[in-house]
Amino acid sequence: AQKVTQAQTEISVVEKEDVTLDCVYETRDTTYYLFWYKQPPSGELVFLIRRNSFDEQNEISGRYSWNFQKSTSSFNFTITASQVVDSAVYFCALSEVNNDMRFGAGTRLTVKP
Amino acid sequence: GAVVSQHPSRVICKSGTSVKIECRSLDFQATTMFWYRQFPKQSLMLMATSNEGSKATYEQGVEKDKFLINHASLTLSTLTVTSAHPEDSSFYICSASSPGQRSPNEQYFGPGTRLTVT
Numbered sequence: 008a009q010k011v012t013q014a015q016t017e018i019s020v021v022e023k024e025d026v027t028l029d030c031v032y033e034t035r036d037t038t039y040y041l042f043w044y045k046q047p048p049s050g051e052l053v054f055l056i057r058r059n060s061f062d063e064q065n066e067i068s069g070r071y072s073w074n075f076q077k078s079t080s081s082f083n084f085t086i087t088a089s090q091v092v093d094s095a096v097y098f099c100a101l102s103e104v105n106n107d108m109r110f111g112a113g114t115r116l117t118v119k120p
Numbered sequence: 008g009a010v011v012s013q014h015p016s017r018v019i020c021k022s023g024t025s026v027k028i029e030c031r032s033l034d035f036q037a038t039t040m041f042w043y044r045q046f047p048k049q050s051l052m053l054m055a056t057s058n059e060g061s062k063a064t065y066e067q068g069v070e071k072d073k074f075l076i077n078h079a080s081l082t083l084s085t086l087t088v089t090s091a092h093p094e095d096s097s098f099y100i101c102s103a104s105s106p107g108q109r110s111p112n113e114q115y116f117g118p119g120t121r122l123t124v125t
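Going down the list, the sequences are from chains W and X.
Our numbering applies: residue 8 is where the first sequence begins, and numbers increase by one.
Our numbering applies: residue 8 is where the second sequence begins, and numbers increase by one.
Heads up, some of the hints might be wrong.
Result set (SDA-like, lysine to any residue): computed pairs, CA atoms no more than 25 Å apart in a straight line [to be verified]:
| no. | chain 1 | residue 1 | chain 2 | residue 2 |
| --- | --- | --- | --- | --- |
| 1 | W | Lys23 | W | Lys77 |
| 2 | W | Lys77 | W | Pro47 |
| 3 | X | Lys48 | W | Glu22 |
| 4 | X | Lys48 | W | Pro47 |
| 5 | X | Lys48 | W | Lys77 |
| 6 | X | Lys62 | X | Lys21 |
Calculated Cβ distances over 10 Å to all of chain X for the following chain W residues [said to hold, decoys possible]:
| no. | residue |
| --- | --- |
| 7 | Ser49 |
| 8 | Leu55 |
| 9 | Glu63 |
| 10 | Phe98 |
| 11 | Asn106 |
| 12 | Asp107 |
Calculated from the structure, these hints are not laboratory results.
Don't be surprised by glycine CBs; every beta carbon is placed ideally from N, CA and C.
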């Protein structure tokens, strides 16, 4: 069965610091998809990125970057120069070919001014 | 595009009553819809998967007679919590997917419904 581990329960940083959120996954499928979502206090999930298992290219989007390494089954997320508005719970998720999506436990990020 | 709505956004009901939550795909046809439950400070847990016109597939431990799911059309799925109890109080989130979407395995999430059972 697929599994996603986010070992960091809570992280607190000061504004402008860089922060990396870790995500480790387990799957037996060769085709799978990895996601990151942001959940602000309102509760609505905000899609950040989707990556398929055949594309190991790292991606950068503004202050956000993602490092996908199949060799270590990790899909880490880095926020550069963090801002107070980045405070939220961040979920990593894995979807296999059956389309079921399994979420990690989430990491609560607090960015202090 | 790919907008999913949920109604109501918040609901308070008395113990023993039933409550229905609607999930609608507004600008696409959703062949598959998913229902998740999220308790405070916890992750999203998949409750069931429903395909239009078929019976829902429930995850282990989810009571199908308590959480009734209907996916009667390509744009609407409903979750009815029957005989609700305080322990059913939670944040319920639906998502929808479609084979015609640009990104395989992409799920589009609704804004969630916060259920409080008193």
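Hints, verified against the model:
no.: 1; hint: Lys23(W) with Lys77(W); verdict: violated (30 Å)
no.: 2; hint: Lys77(W) with Pro47(W); verdict: violated (29 Å)
no.: 3; hint: Lys48(X) with Glu22(W); verdict: holds (23 Å)
no.: 4; hint: Lys48(X) with Pro47(W); verdict: holds (12 Å)
no.: 5; hint: Lys48(X) with Lys77(W); verdict: violated (29 Å)
no.: 6; hint: Lys62(X) with Lys21(X); verdict: violated (28 Å)
no.: 7; hint: Ser49; verdict: violated (8 Å)
no.: 8; hint: Leu55; verdict: holds (12 Å)
no.: 9; hint: Glu63; verdict: holds (17 Å)
no.: 10; hint: Phe98; verdict: violated (7 Å)
no.: 11; hint: Asn106; verdict: violated (6 Å)
no.: 12; hint: Asp107; verdict: violated (6 Å)
Checked against the numbered hints given earlier, the structure breaks hints 1, 2, 5, 6, 7, 10, 11 and 12 and satisfies all the rest.
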